[in-house]
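Novice: Based on the provided sequences and hints, a complete structural model is requested.
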Amino acid sequence: MRESTGELREWIIPSAFLICAGWVIWHMPAFILDLYPPDNQSLVEILRQLHERKDVSPGLPGLFGGYADAIDWLAMVLIPVLFVWGSLTVRIAHNEFKHWRQIDRPTLFISRITMILIIAMSCIMLYEVFLRYVFEAPTLWANEMTQWLACFVFLFSGLYAMQQRCHIRIFLLYDMLSRRTQRILDVIAVIIVCIPAFFLVYGSYIQVFVNKFYKWEMYGTAFDPPLPATVLPAILIVITLIALQSVINIFSDWNEVKVLHSAAEQVDQEEIDALKRNVGVQ
1 MRESTGELRE WIIPSAFLIC AGWVIWHMPA FILDLYPPDN QSLVEILRQL HERKDVSPGL
61 PGLFGGYADA IDWLAMVLIP VLFVWGSLTV RIAHNEFKHW RQIDRPTLFI SRITMILIIA
121 MSCIMLYEVF LRYVFEAPTL WANEMTQWLA CFVFLFSGLY AMQQRCHIRI FLLYDMLSRR
181 TQRILDVIAV IIVCIPAFFL VYGSYIQVFV NKFYKWEMYG TAFDPPLPAT VLPAILIVIT
241 LIALQSVINI FSDWNEVKVL HSAAEQVDQE EIDALKRNVG VQ
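Mapping to the numbering used here: the sequence shown position 76 is 76, numbers consecutive.
Please note that a few of the clues may not be correct.
[What the hints assert, rightly or not] DSSO-like cross-link-like pairs, simulated, lysine-lysine; straight-line CA separation at most 27 Å: (1) Lys-212 x Lys-54; (2) Lys-258 x Lys-98; (3) Lys-215 x Lys-54.
[Unchecked claim] Using C-beta positions, here's what the derived DEER-type ranges look like: (4) Gly-220 x Asn-255: 51 to 61 Å; (5) Lys-258 x Trp-11: 38 to 48 Å; (6) Met-125 x Pro-196: 30 to 40 Å; (7) Tyr-36 x Ser-178: 48 to 58 Å; (8) Val-247 x Phe-154: 16 to 26 Å; (9) Ser-204 x Arg-9: 35 to 45 Å; (10) Tyr-36 x Leu-173: 45 to 55 Å; (11) Gln-41 x Phe-209: 20 to 30 Å; (12) Arg-277 x Tyr-127: 29 to 39 Å; (13) Glu-136 x Phe-199: 48 to 58 Å.
Rather than coming from a laboratory, the hints here were simulated on the basis of the structure.
This one's a predicted model, so the numbers in the text were calculated from it and none came from an experiment.
Backbone N, C-alpha and C define an ideal beta-carbon position, used for all residues, glycine too.
Specialist: Take a look at the structure:
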């Protein structure tokens, strides 16, 4: 993996993935009705009405005799294609963790998706401020859309931080130990991460995936995004991925030599030089 050069592809692939994922999420009631319709007819009717109310392309007929149309299925097919493509072509930046492994590629691509989400959030907030204070015509959706995207930014950032080994750690005693003892502490740390993750997922997956996702619970506002139906499942999925990434990290770092940490190594000299140039200091 070479260092990032800012190619257009690095923007297009995660942006295209987000567009497809957003389209599928917005039309998820159609996929639920087509792929795994509920036995409860009242729930079927609720999902059908919800799909008709939220459908972005109502004029297109559903494929295979169902509710999801050609655009819906195309977006669904493109999601794994773009994810694999993005993972295989992701490029590392100069300030990212250097000792990456091939198995880290999906997490690195998710980090690029997160970066696009942050840009999207900023644009939405600027758009809302412009409409509210220039035209005095605020939107009904900008605030909730920003909250919705912020939830995923928060979750995905935790996964990326785990892969980058950039969570807060205190090395005062850790550096004094032998490499063998450090490995033992690393294993204990992974166990501390994985056990709560397991019980959290095990204790709530029915409530989340059956009562929230399968019934496609909405937010209940004018914009009415599916926050409960998407954010709660994402919490369990990302927590599982974080636990899995912690296991990957310990295997990746197992044979690494002992490293002594210091405050100096946390300093990014390029960033310092850029700050000096900005304030006119040579």
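Novice: Could you run down the list of hints and mark each one as holding or not?
Specialist: Against the structure, the hints:
no.	hint	result
1	Lys-212 x Lys-54	holds (18 Å)
2	Lys-258 x Lys-98	holds (16 Å)
3	Lys-215 x Lys-54	holds (15 Å)
4	Gly-220 x Asn-255: 51 to 61 Å	holds (52 Å)
5	Lys-258 x Trp-11: 38 to 48 Å	holds (39 Å)
6	Met-125 x Pro-196: 30 to 40 Å	holds (34 Å)
7	Tyr-36 x Ser-178: 48 to 58 Å	holds (53 Å)
8	Val-247 x Phe-154: 16 to 26 Å	holds (22 Å)
9	Ser-204 x Arg-9: 35 to 45 Å	holds (38 Å)
10	Tyr-36 x Leu-173: 45 to 55 Å	holds (52 Å)
11	Gln-41 x Phe-209: 20 to 30 Å	holds (21 Å)
12	Arg-277 x Tyr-127: 29 to 39 Å	holds (32 Å)
13	Glu-136 x Phe-199: 48 to 58 Å	holds (50 Å)
The structure meets every hint from the earlier list without exception.
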